Amino acid sequence: MITHIKLKKGLDINLKGKAPHSVNVVPVKGVYSMMPDDFYGFKPKPVVKEGDRVMAGDALFVNKELPDLKVVSPVSGTVKAVVRGERRKLLSIDVEANSKQEYKSFATKCETGDEVKQLLLESGLFAFMHQRPYDIVANPNDNPKGIFISLFSKMPLAQDFSFTLKGEEHNLQAGIAALSKIAAVTIGVSPEQEDRINALLPNANIYVFSGPNPAGNVGVHINHVDPVNKGEVVWTLGAEEVLFVGRLITEGKVDMTRTIAIAGAEVKEPTYRKTVIGAPLAALLDGNLLRTEHIRIINGNPLVGTKTDIDGHLSARVTEVTVIPEGDDKDEVLGWMMPRLKDFSTSRSYFSWLQGKRRQYNLDARIKGGERHIIMSGEYDRYLPMDIYGGYLIKAILTGDLDRMEALGIYEVAPEDFAVAEFADSSKLELQRIVREGLDLLRKEE
Amino acid sequence: MNFIKKFFDKTRPAFSEGGKLHALRSVYEGFESFLLVPNTTSKSGVSIHDAIDSKRIMSIVVIALMPAMLFGMYNIGYQHYAAAGLEGSLMEMFAYGLLALLPKIVVSYAVGLGIEFVVAQYKHEEIQEGYLVTGLIVPLILPINCPLWMMALAIAFAVIFAKEIFGGTGMNIFNVALVARAFLFFSYSGKMTGDEVWVANESILGLGKDLPDTFTCATPLAEVGSGQMSASLNDMVVGLIPGSVGETSVIAIALGAVLLLWTGIASWKTMVSVFVGGGLTAALFHATGSTPIEWYEHLALGGFCFGAVFMATDPVTSARTEGGKYIYGFLIGVIAVLVRVFNPGYPEGMMLAILFMNLFAPLIDYCFVQRNINRRLKRVQR
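Residue numbers (this note's numbering), protein chains in the order written: chain Y, 1 to 446; chain Z, 1 to 382.
Excised from the complex, chain Y in its bound form (with noise of 0.2 Å):
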């Protein structure tokens, strides 16, 4: 069944460097990374030390809360090192790779969902598994009234999904069918996917949104086809993610194999790049890059990854990586009075409105601006697609309010839904930090 749903609210941003459609493969080799801080609302606790060989599906860590939630090492080879923070905090674990790849062999056989959810709680790979509200990682032991799965992204630079699904249509199908059997699937296509996705999975519950980004937002299409209500759950997955369960059902066992677009205006050939999570960048960015200072290497889009650099690994819910300049090094005089030219906004009182849609634009990492209250009114409505008062919202949490928050739709929202009226907001507030607090800070008080 397909239900067309045309969306007017949000921003596409165009940005140089996107990946043209080719890909080499990167050889497993060096040191694989896996963080706690990739998987949002985990209580990490090692279950391995330093010396101890695993193989590729071995846990590293599990929820302290929820032991039977755990993070797999996404290679076979030797624990090299427990990163710790400050008290004590698990930063990653690191495994270094061996040079022949083994991996942890699983059972399959799954008739109910019970069984698919317990498959997915012994490979790992459930820790992938998000869930509104408060945009974390799902308890398993929750009802959820659906799964939504978004097959494209519309953020800049993003990667480009049906690029990635080329000869992996049988671990798709697959894994949409044993997801189908925890909960009803939803599945989010854009309208240029629809013919393919729509033969593919025949059954499936398709819904085609068009539209500039945050279109491609899962958060999005929940709120649109069946918003999560205050005692509701609902799961998502990323699209990548359904591949890793269609390949543990089809070959039984653990490949997080991703294929990561590398792109921005600073990497020298963007490209698609086959490898597997947790990977080391610099053997990504390889001598890919124009520079090496003054740019900034993002771990997933400008607009919703994070700040890392050559010596960070690839993190685990990432699908592309991304390298911009920094700005740092940039002088510019009486700026916010100047034409601009080279720059991108969406008033018009600069002029990239005059230079079309197709334009590329090279932006750096500088905020370009002070951080003030709330002045212009609107501003994030324009950009978030939902039915929601974006404004109200973010007031409401930063005065702590929790009935109001609740009154106003946070359950629906995630932090990524934000990111594009963050990038617009001319008051510069990081209103992905302000949601995300709004968020635990509810589920605190739960």
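In case anyone wonders, no lab produced these hints; they're calculated from the structure. Please read all numbers here as calculations on a predicted model, not as lab measurements. Watch out, some of these pointers could steer you wrong.
[As the list claims (entries may be wrong)] Here are some of the chain Z residues that sit facing chain Y, going by a computed Cβ distance under 7 Å:
#1 Phe3
#2 Ile4
#3 Ser42
#4 Ala51
#5 Gly170
#6 Arg376
[As the list claims (entries may be wrong)] No farther apart than 30 Å at their CA atoms in a straight line, the calculated lysine-lysine pairs in the DSS-like style are these:
#7 Y:Lys330 x Z:Lys43
#8 Z:Lys5 x Y:Lys330
#9 Y:Lys145 x Z:Lys378
#10 Z:Lys378 x Y:Lys444
#11 Y:Lys428 x Z:Lys10
#12 Y:Lys342 x Z:Lys378
#13 Z:Lys378 x Y:Lys8
#14 Y:Lys29 x Y:Lys89
#15 Y:Lys89 x Z:Lys43
#16 Z:Lys43 x Y:Lys43
#17 Y:Lys9 x Z:Lys10
#18 Z:Lys6 x Y:Lys330
All C-beta atoms, glycine included, are put in the ideal place defined by N, C-alpha and C.
Place chain Z on chain Y using the hints.
What follows is chain Z alone, placed relative to chain Y:
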């Protein structure tokens, strides 16, 4: 432009914590971020940002005010020369107006920004740009004969009690410039209304000549109240009539309106609604014989246009929901004409209408937001 950076790099130690000039830190930082775009980069959240910021927004509004200000200067000279019976060239009249208005603008900025600097220093915050607009609007909405010290007092009152105690630009309930005007209107009404304040009455640096103390000249709106109005529609649209400095010319204000609407800084919903509300009400009253002038004359006269374009649309104090903006604007127009027609004490109603609706904007928003909340609640019950 390297020397600007070098200058700031060299002087920075003196203004940092423990430096000799630390008490002026906020001023220093204000000027630095004014001249050089800070190259601070984002730490969390999005890595890229839109080039728009509040400096840009406020300076666009200042640019939008320029036609009204420049025409206001010319009109000051024009009215003075007409009253004095002098012949003057366009340049002479403009120069006279410039000299009459410039001290007001300087004092307005000095007092307002001075307070902003002190507050920013005290709160360890960056200087907020909101006053850049307020500081220019205040001299434009006062009669030219309002004494400097009065204006300075009113600005200090408005900035402190209408803005800073609420938390600064973005947190205020009332439009700051209008609070300054209201303060003067109710404290020194002799210098704010009547027939003696609208035409500059002294010679400045040899331009113009001193007018006799008995000279009077009423605004067209006041004439309406007392009987017959002398201005033609043409005068009203061009703006060569007595009135507050920036409010007289519909054409000059329209130029500003085009810029504000085109850049999206002012909401067209608010602006159009003010005119619709005022026009309909005036037409109704004209039809019932309550007011002798036509609806379009009501819109062209007094502070109606200036208020609708520059003050009703202040995003901070107007309604913040999109639907609310229609109601907010419409009621401003209605009330402005209502006050004009039915209150013989106040020939002008725009100031009171906007301040009154500032007060009600949160209530209008409340209704719209509550509807959204109720929708959500109903979903649960279903």
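Quick rundown of the hints versus the structure:
1. With a least beta-carbon distance of about 10 Å to chain Y, the hint placing Phe3 (chain Z) at the interface is violated under the 7 Å criterion.
2. With a cut of 7 Å, the hint placing Ile4 (chain Z) at the interface with chain Y holds, because the nearest CB-to-CB distance is about 6 Å.
3. Because the closest C-beta pair between Ser42 (chain Z) and chain Y is about 5 Å apart, less than 7 Å, the hint holds.
4. Given the 7 Å rule on beta carbons, the hint for Ala51 (chain Z) holds: about 4 Å separates it from the nearest Cβ of chain Y.
5. The closest approach between the C-beta of Gly170 (chain Z) and any C-beta of chain Y is roughly 3 Å, which is under the 7 Å cut-off, so the hint is satisfied.
6. Here the hint on Arg376 (chain Z) is kept, as its CB sits about 6 Å from the closest CB of chain Y, short of 7 Å.
7. Straight-line distance between C-alpha atoms of Lys330 (chain Y) and Lys43 (chain Z) comes to about 17 Å, which keeps the hinted pair within the 30 Å bound.
8. Of the pairs offered as hints, the one joining Lys5 (chain Z) and Lys330 (chain Y) holds, with about 11 Å between alpha carbons and a cut-off of 30 Å not exceeded.
9. Proximity of Lys145 (chain Y) to Lys378 (chain Z) is assessed by CA-CA distance (about 18 Å); at most 30 Å being required, the pair is judged to hold.
10. A threshold of 30 Å between alpha carbons decides the hint, and for Lys378 (chain Z) with Lys444 (chain Y) the separation of about 26 Å falls inside it, so the pair holds.
11. Under the criterion of a C-alpha separation no larger than 30 Å, the hint pairing Lys428 (chain Y) with Lys10 (chain Z) is consistent with the structure, at around 29 Å.
12. A distance of roughly 48 Å separates the Cα atoms of Lys342 (chain Y) and Lys378 (chain Z); the hinted pair therefore is violated under the 30 Å criterion.
13. Taken as a hint, the Lys378 (chain Z) and Lys8 (chain Y) pair is honoured in the structure, with Cα atoms around 25 Å apart against an allowance of 30 Å.
14. Distance restraint check for Lys29 (chain Y) and Lys89 (chain Y): the Cα-Cα separation of roughly 27 Å lies within the 30 Å cut-off, and the hinted pair is therefore satisfied.
15. Our distance criterion of 30 Å between C-alpha atoms is met by Lys89 (chain Y) and Lys43 (chain Z), whose separation comes to about 21 Å.
16. Proximity of Lys43 (chain Z) to Lys43 (chain Y) is assessed by CA-CA distance (about 24 Å); at most 30 Å being required, the pair is judged to hold.
17. Taking the CA atoms of Lys9 (chain Y) and Lys10 (chain Z), the gap is about 47 Å. The hint is violated against a cut of 30 Å.
18. Taking the CA atoms of Lys6 (chain Z) and Lys330 (chain Y), the gap is about 14 Å. The hint holds against a cut of 30 Å.
Figure legend: structure checked against the earlier numbered hints; hints not met, in rising order: 1, 12, 17.
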